[in-house]
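**Q** Here's the letter readout for the chains.
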Amino acid sequence: MGAATFPIFNHRESLRGALLASIIFHCLLALSALVYTIWGGRMGKGWGQSLNSGSAVHVNAVASLPGVPLPQPRITTPNTVAVQNPGLFQNEPVPKPPPDLMAQKIPKFKEAVKIPEKKMLANPRIQKEKIQPPPNAIPYGQGGRPTMSYSSVTTSAGDVAIGIGQEDFGERYGWYVQAVRNRISSNWLLSTISPNILNAPRVYVDFDINRDGSITNARITQSSGIPEVDRSALRAVLASSPLAPLPADYSGNKVSVEFYFDLRR
Amino acid sequence: MNIRYVKYLVLLSIPLLAILAGTRVTKSQTEGWFRTGINLGQSTVRIAVPDFASRSADPRAVDLTKTFNQVLWNDLNYSGILDVVSKSLYPVNTPQEPQDVDFNGWSNPPASAQMLAFGYTETRGNSFVVTARLFDVHNPSNPGVLAKRYVADLNELSARDAAHRFANEIIQTLGGGLPGINLTKIAFVSNRTGHPEIWVMDYDGFNQHQITNYPSLNLTPRWSPDNSMLAFTSYASGNPEIYLYSLITNRRIPFPTYRGLNTTPAFSPDGKKIAFCSSMSGHPEIYLSDVNGLGLQRLTFSPGVNISPVWNPKTGNEIAFVSDRSGSPQIYIMNADGTNLRRLITAGGDAEAPSWSPNGLFIAFSWSVKETGHWDIYVIEIATGRIVQLTYNAGRNEHPSWSPDGRHIVFESTRSGKREVWTMLADGSDPHELTTAGENWNPNWSN
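Taken in sequence, the protein lines are chains A and B. Numbering-wise, the first sequence is residues 1 to 265 according to the working numbering. Numbering-wise, the second sequence is residues 1001 to 1447 according to the working numbering.
Isolated chain A, as found in the complex (with noise of 0.2 Å):
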C-alpha cells in the first residue's frame, strides 16, 4: 500500500476499437487506391502526359540560313575543342586510366602482382568489330562547314534551305525527273493490259538509275493485285534502260527512283 498506485499503469485499456479503426482504415486506402486504378486512369490523362499534344516544334539543323546574317563561326585555334556532340563518326575511347598498383598491397612473395581478371559479360564469341573512321573523317566541330549532300536554293518564291542528307534530287533536277517519266510512260503498252480493267490500285516500281543511266534493281514494291498491270509497269522500266546519263554536276553514283503506274482509262 506504500507504494504509489498509478491507475494509468493498471488499467487494462482494450485494444479492439483502434484496431478494428486501423482495418477500417486500411481497407479504405487499399479500396481507394483501387478505385483510383479503376477511374482514375479514365478521368483525364495520366501524369507526365502532354495536355496540349501537337505543339511540338520540329527543328532541323543547318550550319546556317541563308536569310539569317548569322556571324561566321572563327576558326582561332586548330586545337580540338572538346564538344558534347557524339561527332559523325565515332571517337577513339578514351583509354581507361591503369589500375592504381601503388594502392595494393605488396605482396610477400616476389611473383608478379596478379591484377584480377576483368570478368567478360559479354558474350565472348561474339567479336565486336571496331569502327575504323575514314583517314579523311573530321569529328564533328573541328573541321570546317561540311561539305556533304548541303544546298541552299534560291527559287522564285525566296530562299530555300535544304538541310543535310535530304539533297532533294527531284527539285535540283526536275527535268532529269520529267525526261525519265516520259521515257517510261512512253514505253508503258496499255495494250498489253487487257482492254476490260479500266483502272487498276497503282503499282510501285522501285529501281536505281546508275551513273551512266542504266536501270538496275528494278523490282514491285507494291503490287496493284492484276498480274498484267504489275508485268507490264516492270516491262516500261526496263524497255526504258538505258535513260539518260545522270546529270554531270550530279555528285552521286546512282539515283533510287520510287515509280508508280497509275491506271485509269
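A couple of the hints might just be wrong.
Far from chain A, some chain B residues (derived; all Cβ distances over 12 Å) [as the list claims (entries may be wrong)]:
| hint | residue |
| --- | --- |
| 1 | 1092 |
| 2 | 1142 |
| 3 | 1183 |
| 4 | 1209 |
| 5 | 1237 |
| 6 | 1254 |
| 7 | 1392 |
| 8 | 1428 |
| 9 | 1438 |
Straight-line alpha carbon distances no greater than 35 Å define the calculated DSBU-like cross-link-like pairs of lysine-lysine that follow [to be verified]:
| hint | chain 1 | residue 1 | chain 2 | residue 2 |
| --- | --- | --- | --- | --- |
| 10 | B | 1185 | B | 1272 |
| 11 | B | 1314 | A | 254 |
| 12 | A | 254 | B | 1148 |
| 13 | B | 1272 | B | 1314 |
| 14 | B | 1273 | B | 1148 |
| 15 | B | 1370 | B | 1272 |
No wet-lab data here; the hints were simulated from the structure. Backbone N, C-alpha and C define an ideal beta-carbon position, used for all residues, glycine too.
Using the hints, position chain B against chain A.
**A** This is chain B only, laid out in the frame that chain A set:
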C-alpha cells in the same frame, strides 16, 4: 521461367531493332532519290531557242550562224518530244552568257519555257566555234543542264553538223536517253540522173549525194547495222543481183551471184547475215546467207512469191516477209530458221513492204485495203494485232522505214504529183517532203 522468357524476348528483339534501324539508314544514305509516276498530267517539254548571236563580223560566220540557228530550230521542232516556243513570245534580251539570262522573263508567260538553249558563235582562226548551253529556267540557282563547245570548219556542212550534234544532245538529255536522229542518213533510189541509182541524204533532206553510178537499174537499198555498208539490188550485169557496197572505201564488196532474180537484201541486227529473195530454185523464196556469201540456207518453201524480208531489230530472231501464197501479197512472220510461220494481218487487201520498228513491237507496212484500193502507210502492233492508219487521202504511199529512235517514219508518196521521199512522225503527223528532183523512192533509214 517467366523471367527467362522475358530475357529471350529482349534478346530476340535486339537484332530485329538493329535490322529496322539498318534499313532506315540505308534508305537515307542512298545518294539521292526521287519519286514520280505516270498519269500526273503529262506535258511535253517547252523549250525556247533564241537565235545564237555571231560575235564575229566575218560575213561567212554570220551566214553560218544563220544556218546553225535554222538547223537547230528544225531539229528540235521535228524531234517529236519537244514543244519549241514560238520566237514571237520571247523576252527582248537574247542571252549569250549565263549571267545574261533573265529567268523570270523566260519562265513566266508569255514564253512559259521550261528549258532555254542559247549561246553564241565566233571565229577563231579558220574555225567556226559554237558555245552552246541548255538551261533549266525553272531552277535559277542550279540551271545548267548542258554546256558544249563545238569547233567546226567554216563551211555549211560543218556548221550543220554542229547544230545536229547539239540538237542530239538536247534530245537525248530531255528525251530520257534515246539518242536523237539528227546525224542519221536516209538511202533512197533516184532517177534524176536518168537511171535509178542509189543516193544518200541527211535525215532532213540536205546533202543529197549519189552513191552508185552503174548505168542500169539499182533498187532496194538497205543499211548495215553499223552504217558502213549498203546492200541493194543491181541490174548492172544484166541479171538482178545482190550488191554490197562499202561506204568507207566506196567500193563494191563481193557477194555471190545466183541464177534468176535476186533482190531485197536485209542485214541481220548483228550484221553477220543477209536475208534476201532469190529465184535460184524456180520460185522467188527467202534465203539466208552469211555476209561473206557462205552458209546459204533456204527459209521458205511455198509456190508463189516470197520477198522483202525484214529482221526483228530487237531480237534478231524473227523475219517478216511478203508472200502471195494466199492469193494476194500479205505479210508473214517466221523465226529466223524458217519455223513458226504465221500470217500477220488476217484482213484482206494487198499488204507489202514491212518495216520492223526498232523496239520490235510494231511493223509499219503499206496496205491497199480492198474497199478503197488506196495505198497508205499503216502500223500494226504485233502482240495485239491493232492497226493504225498513218496516211489518209494523200496520193499513193508506200515503202515505210523506221528511224532508229522509233519516233519517225520515212516513206515514198505521190501526194506532190510525183513519187518523192517524205518523212513524218510515227503517229502520222507533220509530214515533210525531202526530195524534189526527179522521182525518188524506196527510202531506208540508217541505224
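**Q** Compare the structure with each hint and give your call.
**A** Against the structure, the hints:
| no. | hint | verdict |
| --- | --- | --- |
| 1 | 1092 | 20 Å, holds |
| 2 | 1142 | 5 Å, violated |
| 3 | 1183 | 17 Å, holds |
| 4 | 1209 | 33 Å, holds |
| 5 | 1237 | 45 Å, holds |
| 6 | 1254 | 38 Å, holds |
| 7 | 1392 | 22 Å, holds |
| 8 | 1428 | 16 Å, holds |
| 9 | 1438 | 37 Å, holds |
| 10 | 1185/B x 1272/B | 21 Å, holds |
| 11 | 1314/B x 254/A | 27 Å, holds |
| 12 | 254/A x 1148/B | 24 Å, holds |
| 13 | 1272/B x 1314/B | 15 Å, holds |
| 14 | 1273/B x 1148/B | 39 Å, violated |
| 15 | 1370/B x 1272/B | 39 Å, violated |
Checked against the numbered hints listed earlier, the structure breaks hints 2, 14 and 15; every other hint is satisfied.
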